[in-house]
Structures are given as C-alpha cells and as structure tokens.
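**Q** Chains A and B, in that order, are what the protein sequence lines are. Taken in order, the first sequence gives residues 1 to 418; the numbers are from the UniProt record's numbering. Taken in order, the second sequence gives residues 1 to 418; the numbers are from the UniProt record's numbering.
Worth flagging that the hints you see were computed from the coordinates, not collected in a lab. For each residue, glycine too, the CB sits at the ideal point set by N, CA and C. Keep in mind that a hint or two might mislead.
[Claimed, not checked] Pulled from the structure, derived: some chain A residues nowhere near chain B, Cβ distances all over 12 Å:
#1 Glu79
#2 Thr80
#3 His98
#4 Phe103
#5 Asp120
#6 Ile140
#7 Pro167
#8 Pro205
#9 Leu232
#10 Val241
#11 Asp242
#12 Glu382
#13 Met417
[Said to hold, decoys possible] Using C-beta positions, here's what the derived DEER-type ranges look like:
#14 A:Asp202 - B:Pro88: 19 to 29 Å
#15 A:Glu270 - B:Ile394: 19 to 29 Å
#16 A:Lys413 - B:Leu210: 56 to 66 Å
#17 B:Pro88 - A:Gly362: 37 to 47 Å
#18 B:Thr389 - A:Ala246: 41 to 51 Å
Number of protein chains: 2
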Amino acid sequence: MKAEIITIGDELLNGQVVDTNSAWMAQHLAPLNIRVVQITSISDKKEAIEEALEAASQRAQIVLVTGGLGPTNDDVTKETIATYFDSPIIRDEEVLRHVERLFAKFGFADMPPINQKQADVLADADVLFNDVGTAPGMWIERDGCVFVFMPGVPFEMKYLMRERVLPRFAAFSAREITHNAYILTVGIGESHLARQIADIEDNLPDYIRLAYLPKIGLVRLRLTASGTDGALLERETATFVDQITARLEGHIVGHDARDFEEIIVEKFTEAGVTLATAESCTGGAVSASITAIPGASQMFNGAAVTYANSAKRNVLAVAEETLMQFGAVSEQTVMEMAQGAKRVFQTDYAIATSGVAGPSGGTAEKPVGMVCVAVIGRYGREVTTFQFTNDRKINIERTVAMSLNMLWNLFSKEVKMT
Amino acid sequence: MKAEIITIGDELLNGQVVDTNSAWMAQHLAPLNIRVVQITSISDKKEAIEEALEAASQRAQIVLVTGGLGPTNDDVTKETIATYFDSPIIRDEEVLRHVERLFAKFGFADMPPINQKQADVLADADVLFNDVGTAPGMWIERDGCVFVFMPGVPFEMKYLMRERVLPRFAAFSAREITHNAYILTVGIGESHLARQIADIEDNLPDYIRLAYLPKIGLVRLRLTASGTDGALLERETATFVDQITARLEGHIVGHDARDFEEIIVEKFTEAGVTLATAESCTGGAVSASITAIPGASQMFNGAAVTYANSAKRNVLAVAEETLMQFGAVSEQTVMEMAQGAKRVFQTDYAIATSGVAGPSGGTAEKPVGMVCVAVIGRYGREVTTFQFTNDRKINIERTVAMSLNMLWNLFSKEVKMT
Numbered sequence: 001m002k003a004e005i006i007t008i009g010d011e012l013l014n015g016q017v018v019d020t021n022s023a024w025m026a027q028h029l030a031p032l033n034i035r036v037v038q039i040t041s042i043s044d045k046k047e048a049i050e051e052a053l054e055a056a057s058q059r060a061q062i063v064l065v066t067g068g069l070g071p072t073n074d075d076v077t078k079e080t081i082a083t084y085f086d087s088p089i090i091r092d093e094e095v096l097r098h099v100e101r102l103f104a105k106f107g108f109a110d111m112p113p114i115n116q117k118q119a120d121v122l123a124d125a126d127v128l129f130n131d132v133g134t135a136p137g138m139w140i141e142r143d144g145c146v147f148v149f150m151p152g153v154p155f156e157m158k159y160l161m162r163e164r165v166l167p168r169f170a171a172f173s174a175r176e177i178t179h180n181a182y183i184l185t186v187g188i189g190e191s192h193l194a195r196q197i198a199d200i201e202d203n204l205p206d207y208i209r210l211a212y213l214p215k216i217g218l219v220r221l222r223l224t225a226s227g228t229d230g231a232l233l234e235r236e237t238a239t240f241v242d243q244i245t246a247r248l249e250g251h252i253v254g255h256d257a258r259d260f261e262e263i264i265v266e267k268f269t270e271a272g273v274t275l276a277t278a279e280s281c282t283g284g285a286v287s288a289s290i291t292a293i294p295g296a297s298q299m300f301n302g303a304a305v306t307y308a309n310s311a312k313r314n315v316l317a318v319a320e321e322t323l324m325q326f327g328a329v330s331e332q333t334v335m336e337m338a339q340g341a342k343r344v345f346q347t348d349y350a351i352a353t354s355g356v357a358g359p360s361g362g363t364a365e366k367p368v369g370m371v372c373v374a375v376i377g378r379y380g381r382e383v384t385t386f387q388f389t390n391d392r393k394i395n396i397e398r399t400v401a402m403s404l405n406m407l408w409n410l411f412s413k414e415v416k417m418t
Numbered sequence: 001m002k003a004e005i006i007t008i009g010d011e012l013l014n015g016q017v018v019d020t021n022s023a024w025m026a027q028h029l030a031p032l033n034i035r036v037v038q039i040t041s042i043s044d045k046k047e048a049i050e051e052a053l054e055a056a057s058q059r060a061q062i063v064l065v066t067g068g069l070g071p072t073n074d075d076v077t078k079e080t081i082a083t084y085f086d087s088p089i090i091r092d093e094e095v096l097r098h099v100e101r102l103f104a105k106f107g108f109a110d111m112p113p114i115n116q117k118q119a120d121v122l123a124d125a126d127v128l129f130n131d132v133g134t135a136p137g138m139w140i141e142r143d144g145c146v147f148v149f150m151p152g153v154p155f156e157m158k159y160l161m162r163e164r165v166l167p168r169f170a171a172f173s174a175r176e177i178t179h180n181a182y183i184l185t186v187g188i189g190e191s192h193l194a195r196q197i198a199d200i201e202d203n204l205p206d207y208i209r210l211a212y213l214p215k216i217g218l219v220r221l222r223l224t225a226s227g228t229d230g231a232l233l234e235r236e237t238a239t240f241v242d243q244i245t246a247r248l249e250g251h252i253v254g255h256d257a258r259d260f261e262e263i264i265v266e267k268f269t270e271a272g273v274t275l276a277t278a279e280s281c282t283g284g285a286v287s288a289s290i291t292a293i294p295g296a297s298q299m300f301n302g303a304a305v306t307y308a309n310s311a312k313r314n315v316l317a318v319a320e321e322t323l324m325q326f327g328a329v330s331e332q333t334v335m336e337m338a339q340g341a342k343r344v345f346q347t348d349y350a351i352a353t354s355g356v357a358g359p360s361g362g363t364a365e366k367p368v369g370m371v372c373v374a375v376i377g378r379y380g381r382e383v384t385t386f387q388f389t390n391d392r393k394i395n396i397e398r399t400v401a402m403s404l405n406m407l408w409n410l411f412s413k414e415v416k417m418t
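Next comes chain A alone, as it looks inside the complex (with noise of 0.2 Å):
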C-alpha cells in the first residue's frame, strides 16, 4: 500500500528543525508493507495544507499528518481541514479534561483558557487520545483514502503511531509481502561496482529491485522484492544475494542494514581481538566512529591524538630521526605511531594516521590532501599514502573511511590465517 507523509510548520523550512520525523514513520511503516511515495514539508498556510492534502490522496492511499495541532493563532491546521472535509468541529470533553489534568500535573492552577482549543477535533473523525501531550490525533478516511493528522512532537508522535495508528494498519489485510537484503561492501566505487554485476542486475525480474546506497568508502546494495508468495521471494532474493556475494569476493564485509563499524565492533568481539588508534590529521575521528558503537569498549582499549610532534615522540615513542629524516607526514612516522599505539594500549591491532588536513599547510612535497595511514594486525602490516582533496572535513572523513577499509582487509586476511 501506498502512503505520504505531509509535515506542517516553519520550523522545518527555515531549517531549525531537521525532520526526523519522516524517517522514523517510514521505517515503522514499511513491516506493514506500506511504502511511503512522497514526503512534503509545508508551511502552516491555508492553502499550502489543502493543495498537499489533494495531491497526496490523489497517489496514495494514505495520508499521515504531522505538526500544525497547536494551540497558538499561527496554527491553522484545524480549521482548514475542517472545510476542507466539511466537518464542524466540536469540543471533545474526554480529551478537554485530559487537557486540564496535564496542566494541573505541571503544576499550573488555572489553564490558559487557549488549550481549551486543543479539545476541539473534526466531528467526522476518530479522535486519537494522546496519553503524553495535549494534542489529540484524528483519524478520518474520505473516498478510499485514510487520513492521519498527529502533533509534530517526535515523542507524541511516536506514541500515537505505535499506540493508535499502526495497529489500525497492521488489521488491513497485507495482501502484498515485501523482503529487502542487503550486501554491503567495502574499497570498490559504486560505478566499479555496477559494472561487475551488471549481467546479473540486467537477469533481475520485475518484482526485485537493486538499489546502490553509497557512503565515502562503501557501497551498500539492497534488494527490494515484492509479492504474495514471502517463503518464494526470500528464496529468489538469496540466490541473487549469492551471486552478487561471490563476484565481488573480498570487498564483502556483512549482509544486513548495519553500518560498517557496528560489524568491525562485532567481529572483532567474537574474534576476541583489540584495537587502538594513534591518530594525527584524523584528530580522534577515527576513534570517535568505533565508540560510537554501543559495546565498542569491549575490543577498543584507546586512541593516541598525536598533534604536536612532541607528543607523537613523547606518548607513542615515534624516534626523532624518523621525524626529522622523513617528516610528520611519512609511511615511516605512520608506521612508528602505529607501532606505539599497539604497545601503549597492548592491543592486537592498531590504525595510525597523519596528513596535511588542510586548507592550508602544504609544500609541494606534501601539499594539502596527502594522507599517510598505517595498519598492523597480529601478523602482518600495511601502510599506504593516499592524495585527497583540498577541503578539512572531506579529507578527515575519507582518512577514517580508508583507514578502516585498511584495517577490515588486514583483519580478514588474519582471521583466515587462524
């Protein structure tokens, strides 16, 4: 089934607010194999609200409604969807006491008589009682069409949708099965990647789609299969899996939704393997993405930010002649850094990184972009230079994303080894 999202309020065009909103119903949606279309942010206007609401239910047969349910005069949602499904209002007595209790609760005697307003719903719709905010939802259907409108609150939102509205879809009967797989891979552009696989994306049916999500460094594929047959189009998806795993052998890293680090966390886990990071133009970026994993402390010991060159020779014992001889920037410094964060922090592996960030910096030897990185494992170690580009935050994202593809071809050699 098809379904839109339509969300109310200046906050999001003016960019105040970054709608997360949108993403979180998508994704509670999609088990119910209702598939968002469109997505529209408009401003609480009149007719910015009718003319939304006309093309949405013009290509989906949902319509889910957030924001623009406040009490303040700026909100005009109410009344202009009660014309426009031609619906008094009233005042519902259930909900205006529920108002009351919510006030007096947050300790204010007398309750400005304004949020008696938000009692008021269509007279033609299922009022959504909101146990935690004062905005009710509403639930109306029109010409095949159900229509949802929920405050833009992302926790009554959420609240109302798993409490009220997803139960009322999951009864409609779910004629159409979706199962999406995922592969994703590492160190191959998305383009390279294409071109391996094309004969077998070109022996796709119509009913399995393949989308390339790609981020710096990695490419997930997710193939999307529709019907009525699930125990079929799991089958039929797999075989396609298989076939795409097996040609791009050695650029896989998992098979499901999760990002990069959350397998390198999990894997060096189950391998009961540890790491550390000595980091220069990375400045704990590299380090900063692996404890941001929940459980990261069980194969992460510690990370070295060796800015200053005194401290790459106090903290990871990087020698003063490699410094003075090859430079900061240097396979052979990387190398000694990697070599000191292994020992210092006593784990099995360790990244290392240093390079000219920029914007500014460079020589012509070592202009803005060069990026030394170093890995060691429990056997073996590799150490590449790489040329990025001439803006800070890119080059520090590229390094983090090289760094652990380094580390990921490194680990997966040795764990074969074993």
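With chain A held as given, fit chain B onto it using these hints.
**A** Same frame as chain A, now just chain B:
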C-alpha cells in the same frame, strides 16, 4: 524570494537516511532573503520527478533539486529532466577529464565506461563544476524560474552550494539589501533565553526578524534586517544586538556566524595557550570537534582516549587507588585524567571526560547517562557530574557540548585575570 527543495531518492522515503540536506540548505538561503516554502522528497521515478518540478516551479522562483545524479541504473533524473526541459544531453569535456583524473587519483587504472555518463549534462544548462566529486551540478532557467540540480551526497551538495550556487543567488537579491547579525550564547536554554529578551523582541521593527537557532548546549540568535538602506539596517541591527548582548551577559561567546569550536580555536591561538583532552566516554569526539577546525594545530597538542582502565593508568598516570576507590566514572578519576593530559601533552588547558554512555553498562549507583567532566586551566579547575539520557549518541554529543562550555567559562575567567 521563494524557493522549494526537491530531494530524489528512495533512501529518504524508506527511512534509511534522515534528510539533513534540506535544513542545511534552508539555513544558508535565509541570509540571502530566500525563503523555503516547501520541501518534497520523492522517488527516483520519471512521473514523480516531472510532477514535483512542475508543481514547485508554480509556487517558487527557485527550485533546488538534490540526488538522482549517480551513474548507475536507478538514477533516471538526468534523462527525465532532459525531456522536461526539452534539452539535448551533451558530454562535457572538461567534466569528463575531471572525472577521469579523480579515478586515476584514487588508484584506478581504467575508469569504468559507465562513469563517462557523469560528464553528461543538459546542453541548455550551466554546468556547476564539482571539484569534490564526479557528478556535476546544473543550473537551468525556464519561464522566470531557476532550477538547480545537485548530487545528494551531503559534502558535494554543500560544496556546490557554497562555491557555485549561493554566490549566484547573492547577485540576485542585490536590489534588496539583507543584513544579518549573530549572537552565539552558551549555557542558557532556548525558552529561558526567549523569556529574558521578550521585551526587546517585542520592540523589533517589522523589517528585522529574530530567529533562534539552537544546538545542543548552544543557542545562536540571528537578526535579519531587510530594506534598501544598508547603513541604516546595519546601525539599527547593531542597537538591538547591543541590547540583547547586555541582557545576556555571561552567556555570550561571539557575534558572528561561526561555530563555537572555531571561536575556541581562534581565542586560544590569540591568547597563545594550548589544549589537550583525555577522553573516555566521548571516545575522541571532543578532540575530533576541535581538530575539524582549520588551524587547530596552533593550539591543540593532542588527546588520549583511554577507554581501558589500563590505558588510564599507563598513558595518563591515573592512580590505581583512585580507580579502585572511586571507579572510572568519578570526579576524582576525571580530575586525574585531566592532570595527566595536561602533563603528557604539555598544555595550558585540559579537558577530561568519563561516563556511562550506554545503552547498557549502568549500575544503581552509576546509571546510564552519568558523565563526569573536568577542565583544568592555568590557574583554576572545575569538575561536574551530569546525568544525561540513555541514548549513547546524544550522551556523547551533550558531553562534548558541556565540556566545551566548561572550558570556555574557565578560559574566559582566566583571560580576565591576566
């Protein structure tokens, strides 16, 4: 002037990716007096793209489109817009050479032929050269409406906006002058702040708008004045900035659009003082936020991410007894970590963090979300225990913000002493 944003791609509709691009664009259009009136996320399908372009161009004078420009098969945008604008597709030789150079730089001997398509552009469009990626942007004008097409990868979109698109829009709005002034505040919540300056806000003339742009731990105020007399606008705005600044004494960090970290790097560099961090629960995120700023090497010596207790002892010389008696998450331990970082990295200031980031690992005494932060300066020191949420990412972000706030407060006090 009115603008609309159209984002193309299934990853937004299925909830896999949260759309942060649109908020960024809206924020950067506002200072040019360009107001976003609708944001539409659609699927990579011919009819959806055509319908969205048509509707947007009827409501706005500027239509910004992101996504759908990759070389693989699921990107139909380019062909659709060629038909929509009735423009032939041509291969841009300059872009082609750039794409080939990028592939060579990243170590690919041969570029997959599919990538030649990246150099295909509409003959009727101005090419927006993309130095940081393979997909160029396009600028095309039709019937008084400007359409801009950009890749959806955030850093490529931001690069094109900053370097190619915003400067052209700035030339547009030359008739009406817009003047922006900023006030960056720390340590005061949005609603408290609004209450404190309510009377000043009420007295603002019609042609000056006040926006609250909150981040975790910070609120940036933006005053936007528009009119025809630039000198008058600047003078009037300055009066209100002075009033607000006086009212919020003790909470003001700066008066420009820069990030808090940029101001810290600048002020520390000017004062000739240096910083190091010792991080446990933040895992390098404090260090990464500082070193993301160009020129950070002038004032940042390094960081020790001491995740394991052994690292706290070996690298930072935290006493065994302290860890035994008070535990890793304690005011005593973070204070010794800060002292250790100050000594090891030979700096004037040090920040230390330790906490239970979650989602698991809490105890009755030390629940998930409990975080200790210490800062030491040239003369003073501060230590605080916070109780945050049970969301790991939010806890890390909050800890970064609060530790920078504590650093700034101590630094400001000490600057006045010298």
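**Q** When the hints from earlier in the document are held up against this structure, which numbers fail?
**A** none
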